[in-house]
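**Student:** Line by line, the protein sequences give chains A and B. Using numbering that gives the first Met the number 0, the letters of the first sequence map in sequence onto residues 0 to 190. Using numbering that gives the first Met the number 0, the letters of the second sequence map in sequence onto residues 0 to 195.
Hints are supplied without guarantee of correctness; some may be wrong.
[Unchecked claim] Selected chain B positions facing chain A (Cβ under 8 angstroms, derived; list incomplete):
1) Ile29
2) Phe45
3) Arg66
4) Glu68
5) Phe77
6) Leu154
7) Gly157
[Claimed, not checked] So the derived label-pair ranges between C-beta atoms look like this:
8) A:Tyr47 x B:Met51: 30 to 36 angstroms
9) B:Glu187 x A:Glu11: 20 to 26 angstroms
10) A:Ala159 x B:Asp70: 21 to 27 angstroms
11) B:Ile29 x A:Ala32: 51 to 57 angstroms
12) A:Phe62 x B:Asp75: 46 to 52 angstroms
13) B:Met51 x A:Thr37: 20 to 26 angstroms
14) B:Arg66 x A:Glu165: 48 to 54 angstroms
15) B:Asp89 x A:Glu34: 44 to 50 angstroms
16) B:Gly46 x A:Glu15: 33 to 39 angstroms
Since the hints were made in silico from the structure, they are not lab data. As the structure is a computational prediction, the values presented were derived from the model and not from experiment. Glycine included, every Cβ here is placed at the ideal spot set by N, Cα and C.
What follows is each chain in one-letter form.
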Amino acid sequence: MSEEYLWDKSGEPDPEIQQLEQILGSLRYQPSALELPTETVTEHRKSYLPLLAIAATLVLTVFAGLLWFSLHNRAPKTGVTKVVTPAVPEVSPKVIPNVMPKSDTTSDTTSPSEKKQSTAQATVPRSNKQFVARDIRRVHKPEVVPTEEALHAKEQLMTALRLASEKLNLAQRKAQGPASPNQIRNQHKIG
Amino acid sequence: MFELEATADMLLMTPQVKASTEEPSSTRKIEVVLIEAVLAGDRDSFGRLYDMYAPMIHGILLARVPRSEVDDLVQDIFLHAYKKLHTLRDWAAFGPWIAMIARNRAMDFYRRTKETVEVTEDLRAPDNSTSRAKEILQLIRDLPEAYRETLVLRLVEGMTGPEIAERTGLTPASVRVNLHRGMKQLREKLGHTEAL
C-alpha cells in the first residue's frame, strides 16, 4: 500500500485506492447553491452586558463606600475628651551654654543675655510642639457610637447592595445565555 | 504504544507537516476575511465559505447518516452556522466549529428518527450505478468512528490528508494514523466480503 498516495495523492498511485476512489466518487458532494433566508440577519452583536454589569458593580461599590464613609463621619461626636497638653517647661538660661565666642563682641550688637534667651526660644518650643502633636494623635481617637438611625441606614444600604448584586448576577447569566449544544468539545479526541 | 507510533509518524512525515503548515495560514486568513465580511452584511462571502466547506460537511454526514438525508442536513447546518456566526470567537477555527456542528447534528438526527431511518434504508430500491459504492460506504460506516470520517473525506470527497487536518482541526499526525489504520481495516473487510 502506498502510504504517500493515501496521505496526499503524491508518489506512486495505489491501484486499489484509485479503484475505491473511482467507485466512491459517485457519492461525492454535488455542488448546490445555498439558500440563505432573506430575513436572517447576521449581526456582529458583541455582548457588552457582562462588561456593563462589572462596571455597574464597581460604581455601586464605590458609591456605597462613599455613602458609608459620609454616614460614618456624620454621626454625632460623643465622648470627645478635651485635649490636655502638658505644660511647656520653663527653660532656665543657666541650662543652655553660651556657644558664641566672647572675642567676637565688637561686631555683635545684642548683649550676651539676649542671645542666650533667643537661642533658648528657638530650640525649646519646637520640640514641645512635636511632642504635643504626637500625643494628640495617639491618645485622642474618639470612638463613634453609631446612632440607631445610622444603623438603620446601613442595614437598608446593605440590603439594597445585596439586591443589586443579585440582579447583576442574573443579568450576567442571561447575557451569557444557555450553553450552546454545538460547542466544540474534545476536538482532538478522535485521533 | 499509540504515543510511540504517533511520534514515529510525526518524525516520518516532517516534510508533509512543513508543507501543510504553510497552507493553513493563508487559508485561515481567507476564512477570517470572509467571516468579517459576512458579519458586516456581505452574504456572498458566506457563499464562498459554503463552497469551501460543503464537501467536508457532506463527508462528515455521509459517514454517519443515510445518504438521502445528507443534502438537506448540509443546508441546515450552514443555515445554523450563518445564524450563529456571531457567536464564533476564533474566526480562524471556522472549520472545526462547523465540523462539530455537523457531528452534533448527525447525532441529533439519529436520536430523533432512528426507526424511520432504518425502514427507509431497507425499502430504498438499490441503484445499480451506486450499489457497489453503497456497499463499500456501509463497510466504512462499520469502522470505528475515528477512521470512518477520515476515510470518507479521503476516498469519497477526494480531500488529501493535509486538507482534512486543516479543515477539521485534527492534527496531521492523527489524520495520517486514522487513514492508515482505517484503510487497513477496510481492506480486511473488503477481502472478507469478496471471499463470501
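**Student:** Can you name, in rising order, the numbers of the hints this structure does not satisfy?
**Tutor:** Hints 1, 4, 10, 11, 15 contradicted; others consistent.
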